[in-house]
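Protein sequence lines correspond, in order, to chains U and G.
Numbered by the numbering used here, the letters in the first sequence go through residues 1 to 114 in order.
Numbered by the numbering used here, the letters in the second sequence go through residues 1 to 110 in order.
Honestly, the hints are just simulated from the structure, not real lab data.
Careful: at least some of the hints might be erroneous.
[Said to hold, decoys possible] Quick list of in silico lysine to any residue cross-link-like pairs, SDA-like style, CA-CA up to 25 Å: (1) K102/G with F66/U; (2) K102/G with P85/U; (3) K57/G with G97/U; (4) K65/U with T99/G.
[Claimed, not checked] Covered by chain U, per the in silico footprint, the following chain G stretches (three or more residues, Cβ under 8 Å): (5) 33–42; (6) 101–107.
Virtual Cβ for every residue (Gly too), placed ideally from N, Cα, C.
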Amino acid sequence: SAVISQKPSRDICQRGTSLTIQCQVDSQVTMMFWYRQQPGQSLTLIATANQGSEATYESGFVIDKFPISRPNLTFSTLTVSNMSPEDSSIYLCSVPGQGVYGYTFGSGTRLTVV
Amino acid sequence: GQNIDQPTEMTATEGAIVQINCTYQTSGFNGLFWYQQHAGEAPTFLSYNVLDGLEEKGRFSSFLSRSKGYSYLLLKELQMKDSASYLCAVRNSGYSTLTFGKGTMLLVSP
Chain U
1 SAVISQKPSR DICQRGTSLT IQCQVDSQVT MMFWYRQQPG QSLTLIATAN QGSEATYESG
61 FVIDKFPISR PNLTFSTLTV SNMSPEDSSI YLCSVPGQGV YGYTFGSGTR LTVV
Chain G
1 GQNIDQPTEM TATEGAIVQI NCTYQTSGFN GLFWYQQHAG EAPTFLSYNV LDGLEEKGRF
61 SSFLSRSKGY SYLLLKELQM KDSASYLCAV RNSGYSTLTF GKGTMLLVSP
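For reference, chain U alone in the conformation it holds in the complex (with noise of 0.2 Å):
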């Protein structure tokens, strides 16, 4: 399975700034997912970054708030933008595995708004 290498791992960030989290798998991938998991909550999937094309936002989320970049097939970042306290989460990609091999995650970022 696919090897990923997220960053930062956390980040303490003030209101109303912005910060980047950047995503490279270890092999080409035609898919990323980008995950939000508040506190004590399950994974909630933000978007799924298409290489070439535009991201595919889910209910509820948005491309200004979260842009998302894809330059090629093995590298993706999400930019959480404007943020509030209520951005304080774990942020995490994932990409899709081989046949009956599950999704691989990132490491996960932590981030902190203050």
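On the provided structure of chain U, position chain G as indicated by the hints.
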């Protein structure tokens, strides 16, 4: 859309067997996954079912009944390190996205 239900918490004793249930209602289905997540860590893949029946992988087994919208994860010979959250996730047909249940927090005691 998807609706996935699993118990919030379960407790069990070291060496015992525990079964974590997951029910789902979906407009499309293309497989069910189970993940383990320790506190502060990313989810790790445990099992995958797309056809009805039981899949066994060592101490872990997973069962699926598509007609009933039901799956379970069976953990045998429980160890303290099995204390974690267990997430049931359904893959949507026609897409590759996963929808996760809220997770079941399993506490294994001595």
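Output the indices of the hints that this structure fails to meet, ascending. none
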